[in-house]
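Based on the sequences and whatever the hints tell you, model everything.
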Amino acid sequence: MTLPRPVGAIARFAQILGPEAAMLLAETKGGTRVYVPKSPAGSELAALIGDEAAAKLSQRWPGEQIKIPVARDWRAAAYRLAGWTYDEIAVRLGIDRATVHRILQAQELVIRQLDLFRKD
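Under the UniProt record's numbering, the residue at position 9 of the sequence shown is numbered 9, and the numbers go up by one with no gaps.
Read the hints as simulated data drawn from the structure, not as lab findings.
There's no promise every hint is true.
[To be verified] Taking lysine to aspartate or glutamate and the EDC-like style, the derived pairs with C-alpha atoms no more than 20 Å apart in a straight line are:
1) K56 with E44
2) K67 with E27
3) K56 with E20
4) K29 with E52
5) K29 with E64
6) K56 with E27
7) K29 with D73
8) K67 with E20
9) K67 with E88
10) K38 with E27
11) K67 with E44
12) K29 with E44
13) K56 with D73
14) K38 with E64
Printed below as a string of structure tokens:
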């Protein structure tokens with residue numbers, strides 16, 4: 001899946017883990033706190049996001065509980081880029097279809113405004 005540039009709290013996770021692992025983490029654990037073991041090999045976290053990504057989290061937050069962002073707006077944009085319908089996105093995110101429309105419309109406005117400042 002092609003992923004848009006992460007923004008907000010999920011951007012830090014994407015920088016550390018890579019966008020794909022950050023997306024997986026947000027989809028499965030978003031809105032919760034996750035324990036990051038000092039030795040992640042064989043842990044629940046490693047089973048979820050892979051050994052390499054779990055090791056990266058462990059280097060950054062060893063033995064800590066960390067809050068995983070929901071990343072709703074970023075996920076909505078990613079799902080739309082993947083060709084999902086507004087209804088499919090709404091169901092996946094547990095929000096109203098109108099909210100999906102507002103999220104994506106606001107993101108499109110920001111993109112258009114930023115394009116005004118692009119120097120090609």
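Results for each hint:
Proximity of K56 to E44 is assessed by CA-CA distance (about 15 Å); at most 20 Å being required, the pair is judged to hold. The hinted pair formed by K67 and E27 meets the criterion: a straight-line CA distance of about 13 Å does not exceed 20 Å. Our distance criterion of 20 Å between C-alpha atoms is met by K56 and E20, whose separation comes to about 14 Å. Distance hint between K29 and E52 is fulfilled; the C-alpha atoms sit about 18 Å from each other, no more than 20 Å.
Distance restraint check for K29 and E64: the Cα-Cα separation of roughly 15 Å lies within the 20 Å cut-off, and the hinted pair is therefore satisfied. This hinted pair checks out: K56 and E27 have alpha carbons roughly 19 Å apart, not beyond 20 Å. Between K29 and D73 the CA atoms are separated by roughly 16 Å; this keeps the pair inside 20 Å, and the hint holds. Between the alpha carbons of K67 and E20 the distance comes to roughly 18 Å, so the proposed pair stays at or under 20 Å and holds.
Of the pairs offered as hints, the one joining K67 and E88 is violated, with about 26 Å between alpha carbons and a cut-off of 20 Å exceeded. With a CA separation close to 23 Å, the supplied pair K38 and E27 exceeds the 20 Å bound. As the CA atoms of K67 and E44 are separated by approximately 16 Å, the hinted pair is consistent with the 20 Å bound. Of the pairs offered as hints, the one joining K29 and E44 holds, with about 12 Å between alpha carbons and a cut-off of 20 Å not exceeded.
Restraint check for K56 and D73: the C-alpha separation of about 25 Å exceeds 20 Å, so the hint is violated. In summary, the hint linking K38 to E64 is supported, as the alpha carbons are separated by about 8 Å, within the 20 Å threshold.
Comparing the model with each earlier hint shows violations of hints 9, 10, 13; every other hint is respected.
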